[in-house]
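**Q** One-letter residues, chain by chain:
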Amino acid sequence: MSQPSAICPNCGAPIRFRWSSAIQTTCEYCKSILVRHDVNLEKVGQVADLPPDISPIQIGTEGVYRNTAFQVIGRIIYSHDIGAWNEWHLIFSNGSSGWLSDAQAEYAVSFLSQPESPLPGPGEIYRGWEYSQQGVRLAVTTLTEASYEGVEGELPFTYWDKERCRFADLRSVDGRFATIDYTEAPPLLFLGEFVEFESLRLTNLKEFEGWTA
Amino acid sequence: MNPAARKIVPRPKALNCPQCGAAIELRAMGAAASVVCGYCASTLDATNPQLVILQRWKAKMTVQPFLPLGSRGKLAGAIWEVIGFQQRGIQVEGTDYYWREYVLFNPYKGFRYLSEYDNHWNFVTAIPSLPVAGTNARNRPTVTHDGIVYDHFQTARASTSFVIGEFPWQVKMGETVEAADYVSPPHMLSSETTKDEVTWSKGEYVPAQDIWTAFQIPGAPPPPVGVYSTQPAPPAAKSTRPWGLFFVFSLLLLGMMIFFATRALQETVLNETYTFNPAATGEKSFVTRPFVLRGAKANVHVAVHGDLDNAWAFISMALINEETGEAFDFGRQVSYYHGVDGGESWTEDSRDDAATLPSIPGGLYYLRLEPETEAPTGAAAALAQRPIRYNVQLVRDVPFYFRYFLGIFLLLLPLPFMGRKGANFEALRWHESDYGVPPNAIAWSSSSGDDDE
Numbered sequence: 001m002s003q004p005s006a007i008c009p010n011c012g013a014p015i016r017f018r019w020s021s022a023i024q025t026t027c028e029y030c031k032s033i034l035v036r037h038d039v040n041l042e043k044v045g046q047v048a049d050l051p052p053d054i055s056p057i058q059i060g061t062e063g064v065y066r067n068t069a070f071q072v073i074g075r076i077i078y079s080h081d082i083g084a085w086n087e088w089h090l091i092f093s094n095g096s097s098g099w100l101s102d103a104q105a106e107y108a109v110s111f112l113s114q115p116e117s118p119l120p121g122p123g124e125i126y127r128g129w130e131y132s133q134q135g136v137r138l139a140v141t142t143l144t145e146a147s148y149e150g151v152e153g154e155l156p157f158t159y160w161d162k163e164r165c166r167f168a169d170l171r172s173v174d175g176r177f178a179t180i181d182y183t184e185a186p187p188l189l190f191l192g193e194f195v196e197f198e199s200l201r202l203t204n205l206k207e208f209e210g211w212t213a
Numbered sequence: 001m002n003p004a005a006r007k008i009v010p011r012p013k014a015l016n017c018p019q020c021g022a023a024i025e026l027r028a029m030g031a032a033a034s035v036v037c038g039y040c041a042s043t044l045d046a047t048n049p050q051l052v053i054l055q056r057w058k059a060k061m062t063v064q065p066f067l068p069l070g071s072r073g074k075l076a077g078a079i080w081e082v083i084g085f086q087q088r089g090i091q092v093e094g095t096d097y098y099w100r101e102y103v104l105f106n107p108y109k110g111f112r113y114l115s116e117y118d119n120h121w122n123f124v125t126a127i128p129s130l131p132v133a134g135t136n137a138r139n140r141p142t143v144t145h146d147g148i149v150y151d152h153f154q155t156a157r158a159s160t161s162f163v164i165g166e167f168p169w170q171v172k173m174g175e176t177v178e179a180a181d182y183v184s185p186p187h188m189l190s191s192e193t194t195k196d197e198v199t200w201s202k203g204e205y206v207p208a209q210d211i212w213t214a215f216q217i218p219g220a221p222p223p224p225v226g227v228y229s230t231q232p233a234p235p236a237a238k239s240t241r242p243w244g245l246f247f248v249f250s251l252l253l254l255g256m257m258i259f260f261a262t263r264a265l266q267e268t269v270l271n272e273t274y275t276f277n278p279a280a281t282g283e284k285s286f287v288t289r290p291f292v293l294r295g296a297k298a299n300v301h302v303a304v305h306g307d308l309d310n311a312w313a314f315i316s317m318a319l320i321n322e323e324t325g326e327a328f329d330f331g332r333q334v335s336y337y338h339g340v341d342g343g344e345s346w347t348e349d350s351r352d353d354a355a356t357l358p359s360i361p362g363g364l365y366y367l368r369l370e371p372e373t374e375a376p377t378g379a380a381a382a383l384a385q386r387p388i389r390y391n392v393q394l395v396r397d398v399p400f401y402f403r404y405f406l407g408i409f410l411l412l413l414p415l416p417f418m419g420r421k422g423a424n425f426e427a428l429r430w431h432e433s434d435y436g437v438p439p440n441a442i443a444w445s446s447s448s449g450d451d452d453e
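Chains as they are written, first to last, in the numbering used here: chain Y, 1 to 213; chain E, 1 to 453.
Any given hint could be a false lead.
[Said to hold, decoys possible] Taking lysine to aspartate or glutamate pairs in the EDC-like style, the calculated list, with each CA pair at most 20 Å apart, reads:
(1) E:Lys74 to Y:Asp81
(2) E:Lys202 to Y:Glu209
(3) E:Lys195 to Y:Glu198
(4) E:Lys74 to Y:Glu209
(5) E:Lys195 to Y:Asp81
(6) E:Lys109 to Y:Glu145
(7) E:Lys195 to E:Asp210
(8) E:Lys109 to Y:Glu124
(9) E:Lys109 to Y:Glu106
(10) E:Lys202 to Y:Glu106
(11) E:Lys195 to Y:Glu207
Treat the hints as calculated values from the structure; they're not laboratory data.
Computed from a prediction, not measured in an experiment: that's the story for all the values here.
All chains should be modelled from the sequences, with the hints used to inform the complete structure.
**A** Put into structure tokens, the structure is as follows:
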């Protein structure tokens with residue numbers, strides 16, 4: 001029990017942090033969105049009912065990526081005009097933080113990265129735009145206008161007040177993946193790769209009636 | 001402990017279509033973006049529990065899927081449930097071509113697709129990486145993915161003409177995408193392009209029977225029509241295989257040839273030179289000394305060499321078994337002519353002749369010989385007075401080569417037809433493409449590729 005703990009300012013339930021750097025979390029009991037200020041938690045909002053669950057992953061799911069164990073500690077749900085996807089916040093056994101995106105069971109692991117060259121503004125990017133980082137050439141394949149549907153668990157930043165989000169997804173010829181996130185200025189760059197569901201060796205998955213993992 | 005842990009996600013409850021009231025079953029646990037009512041064909045937002053109508057449509061069930069929604073089958077090592085079905089079409093030179101697509105779902109593995117056209121089936125998976133565009137030796141477009149080069153087959157605008165069930169995107173009647181197909185049988189890479197998105201998928205040809213087995217459909221699948229772009233060429237049509245067989249059998253023949261050649265006795269049993277006077281009268285036939293032909297049954301090679309000058313000689317021979325009296329009759333003719341015609345000298349040299357008598361049993365034999373020639377007349381008579389010398393050589397058990405080479409030649413005969421069968425298969429495959437001809441064929445038309453009709 002070395003994890004930092006606090007009390008939900010809304011309902012008094014204990015709030016346990018799995019990750020010491022978490023900026024935001026949600027109360028598992030009253031669904032309040034809580035932002036950390038030093039040792040105090042401030043209720044900044046309330047999570048609406050989450051949309052129907054669409055992923056076998058849940059808070060607490062554990063797995064392995066590139067020989068490093070991780071645990072799923074948070075989640076952002078986005079929806080866009082042709083569906084919804086999850087960004088699962090991962091905390092690795094070495095303390096680093098990353099994201100597992102799950103868009104209709106297409107899985108990608110990515111990490112916040114420092115852009116090597118300036119990224120175009122939200123109005124300048126277009127499908128087919130090319131970008132190179134760490135010797136990997138990526139091209140924009142999807143531009144998404146998404147809305148923010150909900151959050152769950154611990155996140156490395158406050159995400160409760162963002163309504164519309166613009167994303168550019170980039171792909172390479174060899175399965176590398178990048179997202180440019182225009183919710184901040186300058187935009188954020190997430191770099192990673194597509195992964196096979198089986199390769200993550202996930203445990204503590206959700207169970208679905210009538211199906212076996 | 002996470003309160004969500006161990007909670008089993010139940011099957012979604014049946015809902016009612018807000019347009020027509022018909023029962024709608026959501027099978028993909030909310031993973032789908034849209035669901036199309038099976039009765040009124042309205043597209044509904046499957047992510048919203050209220051099933052908001054996305055597109056109102058009044059339609060009848062006009063297309064009956066082979067695989068009913070809700071049926072499950074095992075393909076590529078996993079169980080899949082059919083949750084959606086759509087018919088799409090393209091128009092090529094005024095003709096509509098329709099194919100059908102099934103959405104398959106597994107809550108852990110996500111979505112896969114089955115496409116069916118004229119009873120040709122392909123199992124389709126979305127691919128996350130981007131294929132690399134290029135061109136082939138004939139300047140036709142290709143894409144490369146995972147080291148495999150795919151040849152461009154067709155680009156067309158595909159529109160949805162019938163839809164039912166759940167889809168991972170918001171499917172709509174009349175929706176149009178630009179679809180491009182690249183093939184490397186049995187695989188196909190396909191791209192679908194809209195303004196904001198390009199998606200790639202990889203299809204693999206699946207025999208219809210495998211679909212029938214996977215989904216336990218009673219009866220036999222209807223036979224596929226024609227050749228599909230990803231259909232693997234049947235074994236006989238593969239151009240490398242007949243050549244492989246040819247190579248194997250040729251080696252076998254050559255091996256046999258060498259084996260029997262090294263075992264052949266090659267024993268000279270008779271090598272005699274005789275003379276005869278063409279002008280002489282009386283009995284010309286005579287017999288040689290007896291000789292032994294060893295072994296059970298083997299051939300005897302007879303070579304005759306005539307020492308002739310503007311003359312011919314025919315040697316009638318009989319190989320006679322001294323013990324049984326059995327005789328093998330044969331004859332050889334030798335000739336040699338030369339002269340000067342219009343200032344140019346010419347020769348016609350047939351001084352050597354030979355024959356191989358097959359399957360002569362072993363034993364003690366002698367040869368009876370009877371030389372014949374033209375009775376000398378006129379001016380030639382004086383020259384022809386010269387006695388004719390000729391040599392007869394008998395060799396027991398010689399290796400033979402001709403029949404092996406004949407065998408190899410016969411093996412070659414069907415190859416052009418087999419090759420053509422393969423070429424025909426490829427021609428049929430590519431006939432439906434934007435080019436009309438295979439990727440390495442010389443296009444009759446110029447680079448436009450559209451005017452080959």
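**Q** When you check the alpha-carbon spacing of E:Lys195 and Y:Glu198, does it fall within 20 Å?
**A** Violated, at about 33 Å.
**Q** With a cut-off of 20 Å on the C-alpha distance, tell me whether E:Lys195 and Y:Glu207 pass.
**A** Roughly 37 Å between the alpha carbons, so the hint for E:Lys195 and Y:Glu207 is violated.
**Q** Within 20 Å, alpha carbon to alpha carbon, are E:Lys74 and Y:Asp81?
**A** violated, 32 Å
**Q** Do the alpha carbons of E:Lys202 and Y:Glu209 lie within 20 Å of each other, as the hint requires?
**A** Given that 20 Å is the threshold and the Cα spacing comes to 30 Å, the pair is violated.
**Q** Is the straight-line distance between the alpha-carbon of E:Lys109 and that of Y:Glu145 20 Å or less?
**A** Since the Cα atoms of E:Lys109 and Y:Glu145 sit roughly 26 Å apart, the hinted pair is violated (cutoff 20 Å).
**Q** Taking only the CA atoms, is the gap from E:Lys74 to Y:Glu209 under or equal to 20 Å?
**A** holds, 18 Å
**Q** If you draw a straight line from the CA of E:Lys202 to the CA of Y:Glu106, is it 20 Å or shorter?
**A** holds, 14 Å
**Q** Quickly compare the C-alpha distance for E:Lys195 and E:Asp210 to 20 Å and report which way the hint goes.
**A** Cα-Cα ~37 Å, so violated.
**Q** Between the alpha carbons of E:Lys195 and Y:Asp81, is the straight-line distance 20 Å or under?
**A** OK: E:Lys195 and Y:Asp81 at ~14 Å, within 20 Å.
**Q** Check the hint pairing E:Lys109 with Y:Glu106 against an upper bound of 20 Å on the C-alpha distance.
**A** holds, 8 Å
**Q** For the pair we were handed, E:Lys109 and Y:Glu124, check the Cα-Cα distance against 20 Å.
**A** Violated - the C-alpha atoms of Y:Glu124 and E:Lys109 are around 35 Å apart, more than 20 Å.
Comparing the model with each earlier hint shows violations of hints 1, 2, 3, 6, 7, 8 and 11; every other hint is respected.
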